[in-house]
Amino acid sequence: MAPLLEVRNLTVAFDTPDGTVHAVNDVSYSLEEGETLGIVGESGSGKSVHALSMVGLIARPPGRIVRGEVLFNGRDLLALSQRELFDLRGKEIGFVFQDPMTSLNPVLTIERQIAEPLRRHFGMSASQARARVVELLELVGIPDAARRAGQYPHEFSGGMRQRVMIAIGISCNPKLLIADEATTALDVTVQAQILDLVRDLKKKIGTTVIWITHDMGVVAGLADTVQVMYGGRIMERGPVRAVFHDPRNAYTWGLLKSLPHGGRRGVTRLYQIPGNPPDLTRAPVGDPFAPRNPFATERCRIEMPPLGEVEGSVAGHKVAAWYDLRAALAASQVQP
Amino acid sequence: MTRYLVGKLAESLLAIWGVVTIVFFVSRVLGDPAVLLLPIGAGQQDLDALRASLGLDRPILEQYLISVLAMVRGDFGISFQHQRPAMDVVLERMPVTATLAGTALLFGTLIGAVAGAIAALKRGTISEFIVMVAALLGQATPVFWLGIMLILLFSVDLGWFPTGGSGTIAHLVLPGLTLSVFVSASIARLLRSSLLDIMREDYVRTARAKGLLPRTVFFWHIARNALIPVITMIGIIAGELLGGSVVIETVFAWPGVGRIIMQAIQAQDFPVIQAGVALVAAIFIVVNLLVDLLYGVLDPRIRRR
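The listed protein sequences derive, respectively, from chains R and P. Heads up: take any position in the first sequence, counting from 1, add 36, and you land on our numbering. Heads up: take any position in the second sequence, counting from 1, add 1432, and you land on our numbering.
One thing to keep in mind: the hints can contain errors.
What the hints assert, rightly or not - So, partial list: chain P residues that the calculated Cβ filter (under 8 angstroms) puts toward chain R:
| no. | residue |
| --- | --- |
| 1 | Arg1640 |
| 2 | Arg1656 |
| 3 | Asn1657 |
| 4 | Pro1732 |
Calculated from the structure, these hints are not laboratory results. Note that the structure is predicted; figures quoted are calculated from it, not measured. Ideal Cβ positions, reconstructed from N, Cα and C, are used throughout, including at glycine.
Using the sequences provided together with the hints, build the complete structure.
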């Protein structure tokens, strides 16, 4: 079966007064129907930009899609007309954004904001849309949905607003739901509730999900596949289990080492990746993580390693590295 | 809501009282109306008799108390000049002022809104540049100068419109145009920057991600929010214009409230000055109160129970 989404060589740049920012560099991956993909990376890793650029949600200019193809159900999204994109967004690809405090329009009722895509894409009447809005609000766990629908965003708590955002994202039963840092602005308890909700919804409606986050913990609890991005490139990708237990890229390894572990908290110092995030205004040469990587080889600095299957791991575990992290770790004294 | 309105009302009355008090004492410092009212060379006896009849011979605090108590009853005294109730003298100029204010607001807002929207939507193009330069010029040009230039061109040289006065549409064109230029320039600049701010908001991206058409995104998500500060500004301008634009009414000999107050000051017609200023203050306050209420309609966050 053909994958639901296939990204090929996607490269996105922004022309800014300080020079061209190479935000996404030659990103390729595919996503099967029903799969949950967790994309992890720090700010500026290109994880959000690559998702937004797929459906024309970056400002152009300054944004520019340099090259690439994004096949969604066999259609190249980057070749669609504006009109076709308007028809696709919200209907076939739903979005849930970061920070529910600012992602909802403060002057429109919740009902209106959820009903908008329904009326736009399905031509629902006001009363049909209203019934569906109440149904959606109940689905995302908002009590007293009929009354709450008539309220405004400021009358909802942060967690409740994020539930509303999710209701908007899934309103038209999209084939793909892209959640961009959807739990980042929430406190940990609420975050856990939202993750429970998403797992529950996945069981009920079986949407394919791309979950973009900088939080490894969130990915571990939610995703089937994890994809680690850095400097606009995919550094490592594979089944969550394999990547977490057997990381083959030094950046993935660093991220995992810098996570607090239960029980050891306060006893050991957390690992810190040395150096600073890459300057994306410089044309990408070599492995973007090389300057911060204690295991980097000479070749890393001049040539970007291709993303290839990891030998001795499960199928689908891919890494971009010239060095052999496992061997290097075994040999070196670098221990956190 | 009732509580809010009662509070606002008390605040307004206090403000009007303050304005009236200041005007009362300042006008008393300016000079002696009796001298102006009587022909040159009138004798001391005549002056004293007139002062006594106007009540100006009493101690100033007594005069003040009498005035304020009368105002509370709605009595602003008899105009020295016109020998009629002062408030009537001012109020009958109101329609003339309102006509000019309404014209300037209507055209100024329409032109300003369209220009501001174009500037924001055509960001970085020659259209934005033209609108912004025009708006800056419009805002920076003194209205009296613009008024005089328009009179010179269209009335004196071309003879298309009368140089001053009121009564017909032709009389309204030049002063209306002069004020519209200022109003539209202010609104265009504010609306542009407000639109550009809102366009960057996360909820606008949410709206686009829903697949909404650009016009829906613009009117319901961008403009709806960007208008809030613009409404405030329109309210302030409306208050100012309804109080009579003294400068424009003078330049175009437009017989409105601003002009009658000016004339009253020159003639030291205390009751008319006080009635005029109290009325202008009241209008300003009422318009702002209406803007406050409109705010609540536009923005549910400030709606009160």
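Comparing the hints with the structure gives:
no.: 1; hint: Arg1640; verdict: holds, 6 angstroms
no.: 2; hint: Arg1656; verdict: holds, 6 angstroms
no.: 3; hint: Asn1657; verdict: holds, 6 angstroms
no.: 4; hint: Pro1732; verdict: holds, 4 angstroms
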